[in-house]
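With the hints as a guide, dock the two chains, each given alone in a separate frame, to form the complex.
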Amino acid sequence: MATQPTTLHLDISNAYFRMDSEEVRKTRDAHWYARTNWGIAVLRYEDSSALLKSPLLTQGSAKWPAQHGVVEGHFDEWWQKTLLVLEGGEHNRIRRLVNPAFSPRRIAPLHAKFQDLADGLVDEWIEDGRTEFASRFAAPYATRILCVLLGIDENDWKKIHELASTIGLGLGITIQENIARIDQAIVELTAYAESLVRSRRESPKGDILSTLVDARDEDAGKLSDKELINLIILLIFAGIDTTRNQLALSVEAFSKQPDQWEKLASDPERYSAAAVEEALRVNPIGRWISREAAETFQYKERTIEKGTTLHLFTMTSATDPAAFDDPDRIDLDAERSPHFAFGGGLHHCLGHFVARADIGVALSTLATRLTDLRVGEDAEWLPDSGNTGAVVLPITFTSRS
Amino acid sequence: MKITVDEVKCQSHGLCAISAPDHFELDADGKLAYQETFDEEHLDAIEDAIDSCPLQAIIMDRDAP
Ligand code: SF4
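In order, the protein sequence lines correspond to chains A and B. Per this note's numbering: the first sequence = residues 1 to 401. Per this note's numbering: the second sequence = residues 402 to 466.
Be careful, since some hints might not be right.
Within a straight-line C-alpha distance of at most 27 Å, the following computed DSS-like cross-link-like pairs (lysine-lysine) qualify [to be verified]:
1) A/Lys263 x B/Lys410
2) A/Lys205 x A/Lys226
3) B/Lys432 x A/Lys306
4) A/Lys222 x A/Lys205
5) A/Lys300 x B/Lys410
Hints were generated in silico from the structure; no laboratory data involved.
Just chain B, same shape as in the assembly (with noise of 0.2 Å):
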């Protein structure tokens, strides 16, 4: 499983990082910083994060690698 975040769409609002705060961060700039890839125990906090962003801007590839 993978995720991915379209860069176009994102607006840098955090909110993924309330809910995922070890895969998703926003740097010193305000900037969006991620980690693709995350272990099965941290799924929930990942689907709550995508459920949260307010562009629908985080997509998760649950075949990929």
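Chain A with its partners taken away, still in its complex shape (with noise of 0.2 Å):
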């Protein structure tokens, strides 16, 4: 074989590894990929752009449990046949039933409500002219527009809030030690999952759970009961932590770009979708994406062995000055290429309307309401992963009254 080219290290496994340092952005320059503890880390536009549609590559994450020495129980059976990793026949089949439950048209009715959540919570303290933004408006907003979508009572969201960030606790590297706790929360999401299940059954109400307890229904044995409410469980999962993070690093982004701020501000209508979008590229929730190789394949000069595992790079692919101009900045009059930050291909985000419409409409009501926008020295952020995001958002604002 011929000898692979040698490339830089990154150790993305050290806490204080961050994809927008110098180093990130000089390896980049260097090459299209580097080495890394786990595989092979992939920092070009282009080339995430390819491989992330890659046929060649699965999403590879079934492995997640066993590598950290968890084998079975409720969390494991539950992550095994989890959208999130199933391929082929049996991964299309599913989301054949529900990709259309998510669609803008489903969603638009929803604008009206997201938009009274985001004034109803920037009400209880923009008095107060400081707040903590993850627990004040991110966790609230995101989980109570997930029971909206699911028609939960609203009154439950603090209770779904925690089984949710229990299970959350699956996909970090401290899975073994919280896995009594991490089970406990699934067999309780499933007796919730049942009993709304039931509920729909019997009355209807034309939301998104009602549409795929009809998806299973009038297809009998094309969605099974197992399916569906393993299906409830991850959206309740990934619908809330996802949300509530990408809120607060939006909102990070955008404190350090008040000209932009300003801008959306002065006509949301024309720039909440802009926003969005920008706000995904530059400061994205999921720092990578994985994928395993299925088979060996050569990709440019590169020959990537069968189970090597792939991290796209999503927001240094998606500030690479290859493909963007003043890629660091947040520019809403750009017409810019589209980012990576929902994945690609077969696993491309399945929320991703919701998350467009939800987030658009929080951003848009914030910056209508604040200006003035800081972020405190006091943030805490989670370390730079497949997910990050802020355990504390200290900010401070004036009022526009």
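Here's what the structure looks like:
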């Protein structure tokens, strides 16, 4: 076999490793990929775009629990059957049934509700000139929207939020020490999901959950009860944490570019969609997307062996100067190429239209009501990883009144 | 009725091919190939494909012959 090209190494397991560092920029300038502790990191836009959609790569997360010593239990059983890790016919069959439920057509009627929620939350603290954004806006907003989507009683939001966060620990490197709690959360959420399905069957409501129950009942045998419950747990789990963290990351990104915040405030109708895309581009919650080579293949000068893990660095590819002018700057008037914050290919994020809509409403509401937005020095961030975000995000501002 | 895909918008994610495999397909290079015309009986599948496209790149012309 030909020798592999020599490339730089990035220590992505280091808690101080930062995607927006000079080190990563230099590495991206030097080569399209770097070696890492686990597999290779794809750094440039062109290559991320090609590899993300390559049929030679699978999603490859099925092994995650086993890699951390978890080989059985409620979490593992659930995880092995989630859409996130399924491949091939089984994946496609379920995606075909659920995709249409998350279309812009289905989500448009919910905008007014998103707006009420955003305004109501801002009202709670706008007089103070400061708030802790993660717990006083991002978490309740993201969770209550999920409740609306699935038709869950909004008063249950704190409990749902807790269960979702506990399951989220299953994707952290501390999975094994938390597994008893995580398994228990799956049991509780399963019972909850079953009661939701039962109630929708008795009285359909025209919400997403009713649509999914329909997909199940009309096409008996196409989506089993077990698959439906698995999916509901996935929606609850994946829908909350991602939006919550992306809201905090978006606010942080805009706090550094007050001119663009003012632009958004001046014409939210015109700029809200661009504001979401630019925030996702420069500060995405998922700093990388993982794939695994299903077979050995040649990509450019590199032979990628079967089983190799590839990390497609989203933030790095979306700020690649070869694909974007003035790439680190939010520019609401620029025509930008698509970013990969929602992944891509057949595993493209299912809930992206919901996320785009609710983040858009949140950002334009915040921009039209708050100015002089600043993030406090005492903000606490999770390390850069497949999922990042704010633990605590104190902000100060002036009310526009 | 007829469909067209905006090729500038399309990012070849292939979700349309999951919904309507008889009409959309990714070729060996991962590029989208599709049929513009379809029979009435496939309308549901085509509408699902339109709904599912992350770029909303598929346009249906209901009046086309
Ligand atoms: S789903 Fe949309 S973006 Fe993806 S291949 Fe089909 S038309 Fe193109």
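Quick rundown of the hints versus the structure:
1. A/Lys263 x B/Lys410: holds, 26 Å
2. A/Lys205 x A/Lys226: It holds: about 21 Å lies between the C-alpha atoms, which stays within 27 Å.
3. B/Lys432 x A/Lys306: Holds. B/Lys432 to A/Lys306 sits at ~23 Å (cutoff 27 Å).
4. A/Lys222 x A/Lys205: Holds: A/Lys222 and A/Lys205 sit about 22 Å apart, inside 27 Å.
5. A/Lys300 x B/Lys410: holds, 26 Å
The structure meets every hint from the earlier list without exception.
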